[in-house]
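Asks: Chain A is already provided as a structure; the job is to place chain B on it using the hints.
Chains A and B, in that order, give the protein sequences.
If you read the first sequence in this note's numbering, its first letter stands for residue 1, the second for the next number, and so on.
If you read the second sequence in this note's numbering, its first letter stands for residue 1, the second for the next number, and so on.
Any given hint could be a false lead.
Over the 10 angstroms line for every Cβ pair with chain A, so calculated as not near, a few chain B residues [stated by the list, open to error]: (1) ASN4; (2) ILE8; (3) TRP24; (4) SER95; (5) GLU178; (6) GLU347; (7) ASP353.
Straight line, CA to CA, 20 angstroms or less: simulated SDA-like cross-link-like pairs of lysine to any residue [stated by the list, open to error]: (8) B/LYS282 / B/LYS2; (9) B/LYS3 / A/GLY428; (10) B/LYS25 / A/PHE8; (11) A/LYS123 / A/LEU64; (12) A/LYS382 / B/GLU110; (13) B/LYS2 / A/LEU64; (14) B/LYS86 / A/GLY192; (15) A/LYS382 / B/LYS106.
Just the calculated beta-carbon pair ranges, DEER-fashion [said to hold, decoys possible]: (16) A/ILE292 / B/VAL105: 35 to 43 angstroms; (17) A/ILE396 / B/SER95: 49 to 57 angstroms; (18) B/ILE241 / A/GLU363: 50 to 58 angstroms; (19) B/MET107 / A/ALA167: 41 to 49 angstroms; (20) B/SER95 / A/LEU346: 36 to 44 angstroms; (21) B/MET107 / A/ALA307: 28 to 36 angstroms; (22) A/ILE324 / B/LYS111: 15 to 23 angstroms; (23) A/LEU19 / B/SER96: 45 to 53 angstroms; (24) B/SER96 / A/VAL393: 16 to 24 angstroms; (25) B/GLU56 / A/VAL393: 54 to 62 angstroms; (26) B/LYS41 / A/PHE132: 34 to 42 angstroms; (27) B/ILE241 / A/ILE419: 29 to 37 angstroms; (28) B/SER260 / A/ASN381: 18 to 26 angstroms.
Keep in mind the hints are simulated off the structure, nothing from the lab.
Think of the CB as a built atom: it goes at the ideal place given N, C-alpha and C, for glycine as much as any other residue.
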Amino acid sequence: MTFSSLVFLFRFLPFFLLLYFLVPKRMRNLILFLGSLIFYGWGEPLFLIVMLFSACSDYIHGILIDKYAGEENGKRAKMLLISSIVINLVLLGVFKYTGLLPLPIGISFYTFQTMSYTIDVYKKEVKVQKNFLDFSVFVTMFPQLIAGPIVKYKTVEADLKMRNTSADQIAYGIKRLIIGLGKKVLLANNVGMLWEYAYSLNSSERTVLLVWIGAMAYALQIYFDFSGYSDMAIGLGAMLGFHFPENFHYPYIAQSITDFWRRWHISLSSWFKEYVYIPLGGNQKGVKRQLINILIVWTLTGIWHGAGFHFLVWGLWFAVFLMIEKIGFLSILKKVPAIFRFLYTLIIILISWVFFASESLTESIIYIQNMFGMGNTALSNKDTLYQLNNYYVLLIIGMILSTPIVKIVGNYLEKKQQIIYIGLESVGLVCIFFLSVAYIVDASYNPFLYFRF
Amino acid sequence: MKKNVAYIILFGCILVFIAVADLWKEEKHFSESENRILAQKPTFHIKQFIEGNFREEYEEYVSDQFLYRDTWILLKTYADIAFAKKEINGVYLVSSDTLLEKHDVKMLEEKSEEKLEQLKELSKWCDGKYDLSVILVPTADEVYKDKLPKYAPHFDQENFLNEAEQIVGSTHFINVEEILKERKRAYIYYRTDHHWTTLGAFYAYQVWGEKKGVEPLSLDKFTRETISEDFLGTLQSKVNIPMKPDKMEIFIPKVEQKYSIYYDFTDEVESRLYEKKYFNRKDKYSAFLNGNHAFIEIQTENHNGKNVMVVKDSYANCFIPFLTSHYEDIYVVDFRYYRGNLQDLLEEYEVDDILVLYNVVHFIEEFRY
Numbered sequence: 001m002t003f004s005s006l007v008f009l010f011r012f013l014p015f016f017l018l019l020y021f022l023v024p025k026r027m028r029n030l031i032l033f034l035g036s037l038i039f040y041g042w043g044e045p046l047f048l049i050v051m052l053f054s055a056c057s058d059y060i061h062g063i064l065i066d067k068y069a070g071e072e073n074g075k076r077a078k079m080l081l082i083s084s085i086v087i088n089l090v091l092l093g094v095f096k097y098t099g100l101l102p103l104p105i106g107i108s109f110y111t112f113q114t115m116s117y118t119i120d121v122y123k124k125e126v127k128v129q130k131n132f133l134d135f136s137v138f139v140t141m142f143p144q145l146i147a148g149p150i151v152k153y154k155t156v157e158a159d160l161k162m163r164n165t166s167a168d169q170i171a172y173g174i175k176r177l178i179i180g181l182g183k184k185v186l187l188a189n190n191v192g193m194l195w196e197y198a199y200s201l202n203s204s205e206r207t208v209l210l211v212w213i214g215a216m217a218y219a220l221q222i223y224f225d226f227s228g229y230s231d232m233a234i235g236l237g238a239m240l241g242f243h244f245p246e247n248f249h250y251p252y253i254a255q256s257i258t259d260f261w262r263r264w265h266i267s268l269s270s271w272f273k274e275y276v277y278i279p280l281g282g283n284q285k286g287v288k289r290q291l292i293n294i295l296i297v298w299t300l301t302g303i304w305h306g307a308g309f310h311f312l313v314w315g316l317w318f319a320v321f322l323m324i325e326k327i328g329f330l331s332i333l334k335k336v337p338a339i340f341r342f343l344y345t346l347i348i349i350l351i352s353w354v355f356f357a358s359e360s361l362t363e364s365i366i367y368i369q370n371m372f373g374m375g376n377t378a379l380s381n382k383d384t385l386y387q388l389n390n391y392y393v394l395l396i397i398g399m400i401l402s403t404p405i406v407k408i409v410g411n412y413l414e415k416k417q418q419i420i421y422i423g424l425e426s427v428g429l430v431c432i433f434f435l436s437v438a439y440i441v442d443a444s445y446n447p448f449l450y451f452r453f
Numbered sequence: 001m002k003k004n005v006a007y008i009i010l011f012g013c014i015l016v017f018i019a020v021a022d023l024w025k026e027e028k029h030f031s032e033s034e035n036r037i038l039a040q041k042p043t044f045h046i047k048q049f050i051e052g053n054f055r056e057e058y059e060e061y062v063s064d065q066f067l068y069r070d071t072w073i074l075l076k077t078y079a080d081i082a083f084a085k086k087e088i089n090g091v092y093l094v095s096s097d098t099l100l101e102k103h104d105v106k107m108l109e110e111k112s113e114e115k116l117e118q119l120k121e122l123s124k125w126c127d128g129k130y131d132l133s134v135i136l137v138p139t140a141d142e143v144y145k146d147k148l149p150k151y152a153p154h155f156d157q158e159n160f161l162n163e164a165e166q167i168v169g170s171t172h173f174i175n176v177e178e179i180l181k182e183r184k185r186a187y188i189y190y191r192t193d194h195h196w197t198t199l200g201a202f203y204a205y206q207v208w209g210e211k212k213g214v215e216p217l218s219l220d221k222f223t224r225e226t227i228s229e230d231f232l233g234t235l236q237s238k239v240n241i242p243m244k245p246d247k248m249e250i251f252i253p254k255v256e257q258k259y260s261i262y263y264d265f266t267d268e269v270e271s272r273l274y275e276k277k278y279f280n281r282k283d284k285y286s287a288f289l290n291g292n293h294a295f296i297e298i299q300t301e302n303h304n305g306k307n308v309m310v311v312k313d314s315y316a317n318c319f320i321p322f323l324t325s326h327y328e329d330i331y332v333v334d335f336r337y338y339r340g341n342l343q344d345l346l347e348e349y350e351v352d353d354i355l356v357l358y359n360v361v362h363f364i365e366e367f368r369y
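Here chain A stands alone, though its shape is the one from the complex (with noise of 0.2 angstroms):
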């Protein structure tokens, strides 16, 4: 099931809410358990074999693990680590890089939450979750199961076992949930219908200014969809009882690469600096060392995308401006005005997401080509003027949300025009829900002329 649909809107969540709210609290985890297998099986009842296969390897795991940490060489639960990681790669590497079988939803993400879980327990920084039922929460919830954000274990620890449902973090998550569903629904695809097109079309059609609103259009619609399924989990999760971290800090008003990455999929990237990056030697072990470091983290979270050689470049391309800020030009940049700063970090990210979005890597470059006046001569032309004139409004309006703007006003106003403030906020959410139900409507929508001709 996808959030952004009319079987979870309408069919599931009122009724597992309600459900949820009804039974005691003790029972709630059974009712989340239940509630995410349904969710998950709806749309592949088959991998939910995996999924608990793999919430009970790491279960085991776990508590072998917490068993012999008490031993003095710490051989066997090394071993153990070693085994409950593994396992979670090949899953992982079975079904995302192999090809030989359709990927299970959500992979990706929870096989990274469960090994957050065994290496902590290992670290001693968690306790061993004994309780199943607990664990099994942890793994499957359906909030952040197929999209993330990637939540650690020692992130909902506390919330596992005891949650308190204020009316004031539900109507939060509600705002969340709303939030995220306009992002996903009125922006991300709509604004995405520019980039393929500006994608669909032969090098020689294209124009300079076509292929760059269409990295534009698809650096929204990314972020639009990414944080929009986010806000959406966020929301459900603080609806539930849940804290789960953030996963985006309005990433496109950075000022370098590195500020990019603090900003963009922060859960992901923080997974790999905890679990990857500071075993390593993070930064402490000299300069040389801490590139090294850069480059296999950019290279792993490349990887962790897709299979694509595309992707791979994606996170080597970011690596290499990582390292080039690292080794001085960060302190370069600190000096210009930050308009330049702002300018340089956004042409490298929509560079970026080119190769990103692309199917293959020899069409991403042949993009890239063009939007610097290769392979083609017109800077625009007619069809291009047709474009800007039909997506204008959504530019301009997805460009003003991916800054703090909207926030700031809003935090002024709630503190000084109070009643105007909930007027709009709520008036606002009304209309955000009803429009985006309305595209979700729509996208089914099929007039059926056969007596067109």
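Replies: Here is chain B on its own, set in the frame of chain A:
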């Protein structure tokens, strides 16, 4: 705090209300606005569920049957308008009561040469054997191209028609573009549908008559009968906004005529050029010659020995009735539905004239013979 409780109640109610009302509502079988049968509730089988078919069917069912489906679609169209979208579901919103269809300009440009080549072959093949006439009707977006949104992609039909005229020669090419552009202020295209009106076809008929050297019946020789004042066509279906409906007319010659019409090689004989059952239905344009058929034979009472094979698309459906005053036998073939070829048909049905009648877009998309 109070505010938050209000939020919870508000959205809780919206969610539960829509969900319950949606589960409770009566299900529909057919959608008028989409002109199709809607998905019905699938039955659950474990095998299909595991294969994913049940899920797909159920999701399709939920959205097909969703509460106030048409209203949601309308809301979406208004949102697109608010986003300053120039086209919605392949339709340009020209004004509050007029829609124009968007065509795939790239495809038209790519395929136009090939189709002209085919036309050339046909014209050579006919030479000396048959009297070929070609009518290619510009679509509304050509006639009203000044009303298209700024920078909208546009296929130059004028240029295409000139090329076609050169290929078949001006004696065989009946150019209706000029008259339609001259009469653009008249009601010659439907505002909510992609077809031309009977009046538009009438003007083309006048040009045809002049070119063929026959006396076309003038307007006063017809009784104009309005068969519907609430026609909402295919273009309106795509956006589903409330619009002023189109009026649909038929032109009946004042001198009574009788016909024997045979559809698709059957022996069943019909006597009406206009099928009444469509007058109250959504697809009213199908009233002309009972919609699209692979093959139609129309016998008239003019014993003049003249006959014609019309190779056509749906634009011809409201034009062909005008031909009934001038031929004894009219054969109509639509090669989108008829699988054979023209040569074999002509061996079976002897004719003197061949008339090719398409709109420019359909001609480029799917002309064959």
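Asks: Regarding B/SER260 and A/ASN381, is the given constraint of 18 to 26 angstroms on their beta-carbon distance met?
Replies: violated (55 angstroms)
Asks: Starting from the hint 28 to 36 angstroms, judge whether the C-beta atoms of B/MET107 and A/ALA307 obey it.
Replies: holds (34 angstroms)
Asks: Confirm or reject the statement that B/ASN4 sits farther than 10 angstroms, beta carbon to beta carbon, from all of chain A.
Replies: Incorrect as stated: the minimum Cβ-Cβ distance to chain A is 4 angstroms, not above 10 angstroms.
Asks: Check the non-interface label on B/TRP24: least C-beta distance to chain A beyond 10 angstroms or not.
Replies: holds (12 angstroms)
Asks: Check the non-interface label on B/ILE8: least C-beta distance to chain A beyond 10 angstroms or not.
Replies: Violated: least Cβ distance 5 angstroms, not greater than 10 angstroms.
Asks: Taking 20 angstroms as the top limit, are the C-alpha atoms of B/LYS3 and A/GLY428 close enough?
Replies: Judged against 20 angstroms, a Cα distance of about 15 angstroms means the pair holds.
Asks: Could you see if the CB distance from A/LEU19 to B/SER96 stays within 45 to 53 angstroms?
Replies: Cβ of A/LEU19 to Cβ of B/SER96: about 47 angstroms, so the range 45 to 53 angstroms holds.
Asks: Between the alpha carbons of A/LYS382 and B/GLU110, is the straight-line distance 20 angstroms or under?
Replies: holds (18 angstroms)
Asks: Should the hint that B/SER96 and A/VAL393 are 16 to 24 angstroms apart at their CB atoms be regarded as holding?
Replies: Between B/SER96 and A/VAL393, where Cβ atoms are some 20 angstroms apart, the hint holds.
Asks: Please confirm whether B/ASP353 is truly not at the interface, meaning its C-beta sits more than 10 angstroms away from all C-beta atoms of chain A.
Replies: With a cut-off of 10 angstroms, B/ASP353 remains clear of chain A, as the shortest Cβ separation is near 23 angstroms.
Asks: Just to be sure I understand the hint, the distance between the Cβ atoms of A/ILE292 and B/VAL105 should be within 35 to 43 angstroms; is that true here?
Replies: At roughly 53 angstroms between Cβ atoms, B/VAL105 and A/ILE292 fall outside 35 to 43 angstroms, so the hint is violated.
Asks: Any Cβ of chain A at or closer than 10 angstroms to B/SER95, or is the non-interface label fine?
Replies: holds (17 angstroms)
Violated hints, in rising order: 1, 2, 8, 13, 16, 17, 18, 19, 22, 25 and 28; the structure is consistent with all others.
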